[in-house]
Amino acid sequence: MSELSPIVADWFKGKGWHARPHQLAVLDAERAGNSVLLIAPTGAGKTLAGFLPSIEDLIATPHEGLHTLYISPLKALAVDVARNLSDPIAEMGLKIKVETRTGDTPASRRQRQRFDPPHILMTTPEQIALLLSHPDSARLFGSLKRIVLDELHALVTSKRGDLLSLGVARLARLAPQVQITALSATVAQPQTLREWIAMPVAPRPAVLLNAPGGATPELSILRSDDPMPWAGHSAAYAVPDLYRIIRDHGTTLLFVNTRSQAEMLFQNLWAINEDNLPIALHHGSLSVEQRRKVESAMVSGRLSAVVCTSTLDLGIDWGDVDLVVQIGAPKGASRMLQRIGRANHRLDEPSKALFVPANRFEVLECEAALEAVAMGAQDSETPLPGGLDVLAQHVLGLACSAPLDPDETFAEITSAWPYRELTREKFDKVLDFVSTGGYALRAYERFAKLRKTPEGTLRIANPQIAQQYRLNVGTIVEEPMLKVRLVRARGIKKGATTGPIGRGGRMLGEIEEYFIDQLVRGDTFMFGGEIVAFEGVVETEAYVSRAFSDNPKIPSYMGGKFPLSTYLADGVRRQLADPESWRVLPDQVREWLEIQRAVSVLPGRDSLLVETFPRGGKYYMVCYPFEGRLAHQTLGMLLTRRLERERAQPLGFVASDYSLAIWCASDIGGLIRTGRLSLDQLFDEDMLGDDLEAWLDESALMKRTFRNCAIIAGLIERRHPGKEKSGRQMTMSSDIIYDVLYQHEPDHILIEATRRDAARGLLDIERLGHALRRIRRHIQHKPLDRISPLAVPVMLDIGKEPVFGEAREAVLREAADELIAEAMHIDKRAATR
Amino acid sequence: MTSALPRDEAEVTPLIGFAGAQFVPLVSGALYWPELDALLVADLHLEKHSSFARTGQLLPPYDTGMTLRRLERDLMLTRAERVFALGDSFHRDEGTSTLLPGDRAHLQSLTDRAEWTWLSGNHDPAPHTLGGACCAELGVAGCHLTHQPRRGIPGLIAGHLHPAARVAMNGKSSRRACFVWDDELMILPAYGASTGSLNVLSPAFHGLIDRTRMQVMLLGRGRVYPVGASRLVNG
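Order-wise, the sequence lines are chains B and S. Going by my numbering, the first sequence opens with residue 1, and the numbers climb by one from there. Going by my numbering, the second sequence opens with residue 1, and the numbers climb by one from there.
Bear in mind the hints are in silico, worked out from the structure with no lab data behind them. All C-beta atoms in this analysis are idealised placements derived from N, C-alpha and C, irrespective of residue type, glycine included. Among the hints, erroneous ones may be present.
[As the list claims (entries may be wrong)] Pair by pair, the computed Cβ-Cβ distance ranges are:
{"hint": "1", "chain 1": "B", "residue 1": "Gly142", "chain 2": "S", "residue 2": "Pro203", "range": "53 to 59 Å"}
{"hint": "2", "chain 1": "B", "residue 1": "Glu445", "chain 2": "S", "residue 2": "Ile153", "range": "43 to 49 Å"}
{"hint": "3", "chain 1": "B", "residue 1": "Arg645", "chain 2": "S", "residue 2": "Glu137", "range": "34 to 40 Å"}
{"hint": "4", "chain 1": "S", "residue 1": "Pro203", "chain 2": "B", "residue 2": "Gln743", "range": "31 to 37 Å"}
[To be verified] Here are some, though not all, of the chain S residues that point toward chain B, as calculated from beta-carbon distances under 8 Å:
{"hint": "5", "residue": "Arg54"}
{"hint": "6", "residue": "Leu58"}
{"hint": "7", "residue": "Met66"}
{"hint": "8", "residue": "Val167"}
{"hint": "9", "residue": "Asn234"}
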């Protein structure tokens with residue numbers, strides 16, 4: 001093992017510390033010319049492991065210009081790491097310049113950094129893209145020796161990861177000597193991540209190093225004496241227990257899955273907060289200032305508890321967190337491990353975590369998660385092939401920096417892991433898109449953004465294109481948001497639509513436009529920790545007033561973001577199928593399953609249970625695939641299309657993470673029993689062919705997805721110099737553009753990108769396909785005369801779903817019918833007079 | 001004259017009585033005037049997408065073709081002999097020269113088929129020579145046709161505002177382009193394939209449409225829907 005330089009060795013000695021073996025192993029690998037993927041849990045001294053090679057190299061060899069780039073998914077993390085690194089460097093008395101560069105860095109400093117860079121620059125993937133688009137990028141990065149990628153696991157599964165991979169590929173070409181050190185939490189497939197960093201620096205190798213894990217976390221599931229809810233996600237039953245637990249611990253982080261759950265829990269805790277414990281709320285809809293305030297209070301240890309969403313999954317070290325509580329379904333084992341890692345950033349002490357299931361199914365899911373975490377099982381997502389929209393953005397950025405040689409650029413891009421299988425044909429289509437829009441109808445030759453030079457390279461047609469590129473850079477497209485302003489109520493009178501809304505109240509935060517779109521004046525919902533009533537939309541603001549109601553009418557404004565992982569789903573199916581394993585379950589849950597076994601059957605591990613029963617004049621079909629809400633929603637859409645054709649007269653459906661319920665006007669159970677409807681055919685995988693296509697044609701989901709792709713690819717601008725377009729206008733026009741494009745060029749590269757994103761993100765088609773194959777010819781029909789215990793949770797969700805497609809048309813029809821009925825009524829009266 | 005419509009179509013299509021005449025609202029957003037055998041369309045915004053190319057946004061150049069095909073269908077359906085385009089027919093005056101050859105020929109065949117009158121709009125104030133007559137406003141058969149709606153002229157039919165309405169029912173809502181009118185003024189929905197819309201309850205309509213006498217007809221899928229004003233909401 002190689003030696004530390006005396007300066008560094010003395011520094012360790014002065015602190016009374018030793019360099020950890022994995023820190024030295026990284027140093028060794030780097031000295032041997034390798035790149036490194038270091039898998040390490042939180043608290044393992046990752047930062048120092050990442051930067052020790054830079055410090056050693058800078059001590060050994062004086063360096064002019066930029067030496068190390070550190071890239072993190074979070075601005076705050078870049079700033080925090082810079083601080084954590086600057087202290088040791090100062091203590092060692094070294095003249096190593098460390099700076100950060102984020103969207104918040106003053107323009108003057110960013111300007112200066114381009115010609116007078118520090119030795120070590122801490123930044124984000126978007127800033128790298130920006131720096132690479134400047135003509136001086138070759139000079140700036142030519143001297144680069146190391147790239148440190150932090151929290152790589154979190155980046156690689158998103159489009160930001162695609163953008164980063166392309167940026168790294170370009171950096172490796174500008175600086176052929178560069179070595180990469182990537183830091184990651186434990187993941188399911190570490191070799192994929194290793195390849196991800198190895199490809200751009202090939203043929204030099206990248207090695208995989210594992211830091212020893214910390215102490216095994218102490219996990220438990222909350223056992224409450226209160227009745228366990230059948231459905232819902234609020235865990236309101238557990239609030240008194242949670243309050244006691246918060247009081248008994250120093251600092252508690254309470255993770256929930258959605259913002260509305262966060263709102264609900266926060267309010268419920270404060271309702272019984274007799275001791276006035278400092279309990280705070282943190283989620284993505286709150287204003288930035290509000291979030292920063294909570295974070296700094298947290299760092300200085302002034303809070304007893306923070307109720308938060310995934311906004312706190314990553315990020316800076318919070319110092320002492322004594323307990324992590326997961327409320328509601330854990331969804332995935334790897335996610336849980338990371339959340340649990342937020343407690344106690346000290347390796348030798350076990351983290352303490354508590355699972356709080358919000359309903360009966362979640363008890364099973366929590367048990368599965370508990371087992372998975374204890375076994376160290378990983379179910380993190382794997383990176384996917386790169387998005388073509390991101391590629392289009394990157395290609396334009398490259399052309400902004402220097403004329404682009406298509407052959408060389410293609411070689412460079414395919415050295416980025418997500419694009420390793422990109423075909424030349426597709427690459428040329430992307431070039432064509434960037435240049436003239438890529439339309440079969442060549443309408444824009446004279447407006448081409450890229451022009452061929454006599455040497456056969458492509459350069460941007462004018463400098464404004466570079467300017468526009470820089471304004472549109474990045475892959476994070478915000479949902480169109482409306483500001484939420486608290487105003488005085490004008491009184492909800494029936495039918496009244498006139499009268500001004502009181503203006504000028506306090507700003508509460510921001511909310512997704514699509515949520516507001518489904519509201520009608522007077523609807524109540526939770527926001528910023530209180531129940532508010534919707535008053536109306538004025539320009540880009542949603543006006544709300546204080547509501548005097550205990551129950552918000554609209555239950556949630558964001559479904560569970562993360563679907564149940566395949567791994568945990570399998571765990572839940574296994575438990576259900578094995579009554580022996582029920583011993584650990586609370587009595588109420590066990591009783592629920594016992595009755596299900598008695599009156600119906602239990603879903604098998606590799607089969608599909610389909611129950612049918614009549615209820616309230618309708619006929620229900622409930623099935624239990626356990627494949628997550630998204631896949632179930634897609635299945636519901638497709639099954640209703642098929643049932644329509646089979647004349648079963650489907651009326652609606654509702655999907656949960658575990659099951660799917662469809663209701664019909666015809667006796668669907670009878671149709672199946674008498675053989676007029678074949679379940680094998682109904683659930684045949686071929687529904688993912690034509691039926692899926694037909695449904696996508698009219699799906700609003702495609703339009704929402706298209707908007708993101710179009711913005712990332714640069715077809716629609718995020719903003720123009722000097723004039724901001726509100727999200728509201730942009731959504732409108734992107735819908736129209738989608739319609740026009742889809743009708744005329746369904747093979748256009750952006751439609752392809754949209755389709756791919758929708759298939760993965762919103763429809764979960766791959767998973768549905770797997771499930772349909774798994775259950776093929778293993779479908780068990782159980783006709784019942786009434787609802788089964790297992791069907792209760794999903795049936796309770798009916799009526800809480802937002803409306804799409806056909807249902808919107810139905811609103812018009814009903815309103816028109818009402819008008820007709822009104823007219824008829826008047827006529828009748830007139831006739832009798 | 002409604003017999004020109006296919007029978008089933010005529011049965012489900014409600015009529016709009018305005019300024020003493022009967023009109024047939026079409027789901028495309030056109031207004032058919034049987035008495036004159038005329039088709040009224042507002043805000044075609046032809047060449048809207050291509051007009052963004054100058055600023056570096058290369059939007060799909062198919063919107064003009066879509067709008068023209070829509071017009072062709074309506075002309076076939078109604079066999080109208082006249083077309084009144086109520087302004088903003090082109091997104092910019094330059095649009096008359098940027099038409100792609102195929103679209104230009106298509107438009108030509110339409111202007112050959114019926115007698116066209118192009119009213120000028122704020123987007124396309126200049127007259128052009130694409131077939132038919134160009135003028136600013138027009139009085140015809142007791143109605144007054146123009147681009148920008150205004151108060152004080154009974155029987156005024158205009159466009160410009162791209163009206164739409166959101167209908168709320170049983171806690172759900174739906175938003176569609178619509179015809180909106182009162183005793184004195186009617187505003188047509190925007191006809192172009194690339195046009196957005198504005199809620200009839202928004203301030204732009206204040207002082208133009210009398211709320212107490214407002215009527216709307218929404219464009220649905222395959223039919224139009226008359227909806228009571230009390231069902232309309234903002235947004």
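Original post:
Okay, which hints does this one fail, numbers in order?
Top reply: 3
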